[in-house]
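Trainee: One-letter residues, chain by chain:
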Amino acid sequence: MLLAYILRRILWAIPFLFAASLIAFALISAPPGDYLTTFAATLAQSGDVVDQARLDALRERYGLDQPFLVQYFRWISGVLVGDFGVSFEWQQPVSQLIGERMALSVTLAFATLLFTWALAFPIGIYSAVKKYSVGDYIVTGIGFIGLATPNFLVALVLMYVAVVYFGADVSGLFSDAYKQAPWSWAKVADLLAHLWIPVIILGLSSTASLIRIMRANLLDELHKPYVTTARAKGLSEFHLIMKYPVRLALNPFVSTIGWAFPHLISGAVITAFVLSLPTSGPLLLQALLAQDMYLAGAFILLLCCLSIIGMLVSDILLALIDPRIRYR
Amino acid sequence: MTATVDPRLLTTSVDDQASQWRLIWIAFRRHRLAMTGAIIVLTLYFIGAFAEFLAPFDPNASSSKDIYHPPQMLRLIDVDANGDWALRLHVESMRAQRDKFTLETKFVPDPSAKVYVSFFGKGDSYKLWGLIPMERHLIAPAKPGERFYLLGADRLGRDMLSRIIHGTRVSMSIGLIGVSLSLMLGLILGGISGYYGGLIDMAVQRVVELILSLPTIPLWLGLSAALPQTWSPLQRYFAITVILSLVAWTELARVVRGRFLALRNEDFVIAARLDGGSTRRIIFRHMMPSMMSHIIAAVTLAIPVMIIAETSLSFLGLGLMPPTISWGVLLKEAQNIRSIAQAPWLFAPGAAVCLAVLSLNFLGDGLRDAADPYVQDSR
Chain A
399 MLLAYILRRI LWAIPFLFAA SLIAFALISA PPGDYLTTFA ATLAQSGDVV
449 DQARLDALRE RYGLDQPFLV QYFRWISGVL VGDFGVSFEW QQPVSQLIGE
499 RMALSVTLAF ATLLFTWALA FPIGIYSAVK KYSVGDYIVT GIGFIGLATP
549 NFLVALVLMY VAVVYFGADV SGLFSDAYKQ APWSWAKVAD LLAHLWIPVI
599 ILGLSSTASL IRIMRANLLD ELHKPYVTTA RAKGLSEFHL IMKYPVRLAL
649 NPFVSTIGWA FPHLISGAVI TAFVLSLPTS GPLLLQALLA QDMYLAGAFI
699 LLLCCLSIIG MLVSDILLAL IDPRIRYR
Chain B
97 MTATVDPRLL TTSVDDQASQ WRLIWIAFRR HRLAMTGAII VLTLYFIGAF
147 AEFLAPFDPN ASSSKDIYHP PQMLRLIDVD ANGDWALRLH VESMRAQRDK
197 FTLETKFVPD PSAKVYVSFF GKGDSYKLWG LIPMERHLIA PAKPGERFYL
247 LGADRLGRDM LSRIIHGTRV SMSIGLIGVS LSLMLGLILG GISGYYGGLI
297 DMAVQRVVEL ILSLPTIPLW LGLSAALPQT WSPLQRYFAI TVILSLVAWT
347 ELARVVRGRF LALRNEDFVI AARLDGGSTR RIIFRHMMPS MMSHIIAAVT
397 LAIPVMIIAE TSLSFLGLGL MPPTISWGVL LKEAQNIRSI AQAPWLFAPG
447 AAVCLAVLSL NFLGDGLRDA ADPYVQDSR
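Taken in sequence, the protein lines are chains A and B. Each residue of the first sequence is one higher than the one before, starting from 399 at the first, in my numbering. Each residue of the second sequence is one higher than the one before, starting from 97 at the first, in my numbering.
Since the hints were derived computationally from the structure, they do not count as laboratory data. Warning: the hint list may mix true and false statements.
Selected chain A positions facing chain B (in silico; Cβ < 8 angstroms) [as the list claims (entries may be wrong)]: (1) Ala516; (2) Leu551; (3) Val555; (4) Ala614; (5) Leu683; (6) Cys702.
Stretch by stretch, here's where chain B covers chain A in the computed footprint (C-beta under 8 angstroms, at least three residues) [to be verified]: (7) 536 to 546; (8) 663 to 669.
Quick list of simulated restraints, FRET-style, between CB atoms [to be verified]: (9) A:Ser427 x B:Phe380: 39 to 45 angstroms; (10) A:Leu687 x B:Leu172: 45 to 51 angstroms; (11) B:Gly226 x A:Pro465: 57 to 63 angstroms; (12) A:Ile540 x B:Phe146: 32 to 38 angstroms; (13) A:Ala424 x B:Gly226: 34 to 40 angstroms; (14) A:Ile543 x B:Ile392: 33 to 39 angstroms; (15) A:Ala428 x B:Met280: 19 to 25 angstroms; (16) A:Asn649 x B:Asn361: 24 to 30 angstroms; (17) A:Val532 x B:Gln331: 32 to 38 angstroms; (18) B:Tyr292 x A:Val468: 31 to 37 angstroms; (19) A:Ile540 x B:Lys196: 43 to 49 angstroms.
On a predicted model such as this, the values are computed, not experimentally measured, just so you know. Ideal Cβ positions, reconstructed from N, Cα and C, are used throughout, including at glycine.
Using the sequences provided together with the hints, build the complete structure.
Mentor: As structure tokens, this is what we get:
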């Protein structure tokens, strides 16, 4: 039954991925004129000679004189074998440019998700069990501010405090020594030492909203008769809360994590830009500003896929936790 | 002789009945945070509406000698050299001084010179709402031509306070207009989906799910990057609003659909249908009034999302662009660490964003609780 559900859910993700690719391609073709006119204009601007033969070759390759659907088909069949087209600005195949950046984006998103979960779960329980205590008020206060402050503002303020009061630079994901170095365990350790700052910044608002959800869910459960019964039977308070009400309250909590994932990826774009992280965000932005549409399209497509997969994972988790979902 | 009572006169007066709106108002008034939020939100919209009058200066007037001028305190008690004092609104002037070694410009207070400030004084001339020519400002320097900076100045020596006040108009209105657009989309699609159910419902729900599962900021960025660079500020403003509402309608559609599904089988709706009411009449006469309060709450909660989105887009340079002034455009100035280390007051528009979002959230939460008759009265 569970397997059937997971299978069905994965099948559902396919049309979503297809739609995401259509949207990404629509964005690629959205700017006025085709990309080659933009390309030629950029070349001419920088004083390069526009090689007509090369333009024609590119036009031929992407079928720019063909209708939208044909162009889309050519593009997507390339994507499926890992060919995302050529970046005009970098003069390199897109797949070479995005590989490591996407990997770091995924790492960042998952690290943030783990952080959010690890923090929101105990704090949410605490804040519901000790309702209206000083701790609860503090948590609620921080939560409201976390929800109201845009990610990038938190990043900016943090950077300001670090530079002005501590003289430290918190931007980037690697120390200078490791920026260009090949991957090694020492580099991974260096990454982990830098990762926590963007993780906290990114996780703040989703943690805040998850705490509120967990608190509200648990508050609904705590006053139900079965809790009183269990308490009357002499179950220890910790065991009692963790075993019954928390398990019921967890359900909406897990389903919210599915929505939190696209939100995280979205927020990561801006925060990464402010902190100049070597993830996909800054390069995406640069590509969009330069109208380097193949590069931008590849990023948008991959970020969308990432968040659809994130939702898929959380739906499967939800089915594992709550048996009722599988039968729907 | 007993007086006969005409039963038609036995109506309760309006004061004795509590309509649903009245009940909501009573519940809402008890919610202190929400009331505070409501007052702040109204104030912000007021500031937005009368931006030209409330701002002391023209937001685009630059002053080359006041680059990164620090904020000045508004003082009331004016003590002159003889020790006499009077109540006069003024600020202490500041003088630019160049450090001999680092060549860094620093502003030091200059107690000898004062800039007097008058209420409703004449300042830069402007046209209120582009129509009424005026030159009075709420506060203006008493001597024309003088300048003061209550929230500091930016890299071109423009008054931050005036810029933030003008930004309020754009940022707060983009939320309002964007939400009205998404409300239209949400009402139509959510309504159709909830009222008819079946296949249509299924299709709309899948679209909503798809949009919710996509990361919004990359999409917004992509869409706004596709806007032609040659568009006028006004065209761009509306285009950005449309882009924001293309994503934001989903949440409203969900609320509307949920309410429609819940109401569809209520007795009064079935009764209306059996009485032969047309679909339009049933929706607008019978279902709408009981959905209104929920929709208003959902709309209030959608505005801050829009404001944050606009701020983020403009901050990245893909949303609104100068000469348009919005909080996001202003925050773009605070992008590099060197300028904020030198002029921390460039963060001030960020405080405005937080204040607006926070109070709109409180207001929306309060409205939602007040509109829900089943909410536990445990506040």
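Trainee: The structure should be examined with respect to each hint, and the outcome stated for every one.
Mentor: Evaluated hints:
Given the 8 angstroms rule on beta carbons, the hint for Ala516 of chain A is violated: about 22 angstroms separates it from the nearest Cβ of chain B. With 8 angstroms as the threshold, the beta carbon of Leu551 of chain A comes within range of chain B, its nearest partner Cβ sitting at about 5 angstroms, so the hint holds. Using the Cβ-Cβ criterion of 8 angstroms, the hint placing Val555 of chain A at the interface with chain B is satisfied: the shortest such distance is roughly 7 angstroms. Interface restraint check: Ala614 of chain A against chain B, minimum CB-CB distance 11 angstroms, threshold 8 angstroms, status violated.
Interface restraint check for Leu683 of chain A: the shortest CB-CB distance to chain B comes to about 6 angstroms, inside 8 angstroms, so the restraint holds. Checking Cys702 of chain A against chain B: minimum C-beta separation of about 5 angstroms stays under 8 angstroms; hint holds. Counting residues of the stretch 536 to 546 of chain A whose CB lies closer than 8 angstroms to any CB of chain B gives 4, so the stated coverage by that chain holds, three being the minimum. Counting residues of the stretch 663 to 669 of chain A whose CB lies closer than 8 angstroms to any CB of chain B gives 5, which reaches the minimum of 3, so the coverage claim holds.
For the pair Ser427 of chain A and Phe380 of chain B, the beta carbons lie near 41 angstroms from each other, so the given range of 39 to 45 angstroms is met. A C-beta distance of roughly 48 angstroms is found between Leu687 of chain A and Leu172 of chain B, which places it inside the suggested range of 45 to 51 angstroms. Between Gly226 of chain B and Pro465 of chain A the CB atoms are about 45 angstroms apart, so this pair departs from the stated range of 57 to 63 angstroms. The beta-carbon spacing between Ile540 of chain A and Phe146 of chain B, approximately 35 angstroms, falls within the hinted interval of 32 to 38 angstroms.
In this structure the supplied range 34 to 40 angstroms holds for Ala424 of chain A paired with Gly226 of chain B, their Cβ-Cβ distance being about 36 angstroms. In this structure the supplied range 33 to 39 angstroms is violated for Ile543 of chain A paired with Ile392 of chain B, their Cβ-Cβ distance being about 25 angstroms. Between Ala428 of chain A and Met280 of chain B the beta carbon distance is about 23 angstroms. The supplied range of 19 to 25 angstroms therefore holds. Distance hint for Asn649 of chain A and Asn361 of chain B: a CB-CB separation of about 26 angstroms, consistent with the stated range 24 to 30 angstroms.
Roughly 52 angstroms separates the CB atoms of Val532 of chain A and Gln331 of chain B, a value that falls outside the hinted 32 to 38 angstroms. Under the hint 31 to 37 angstroms, the C-beta atoms of Tyr292 of chain B and Val468 of chain A, about 36 angstroms apart, fit the expected range. At roughly 46 angstroms, the beta carbons of Ile540 of chain A and Lys196 of chain B sit within the given window of 43 to 49 angstroms.
The structure fails hints 1, 4, 11, 14, 17 (numbered hints given earlier, in ascending order).
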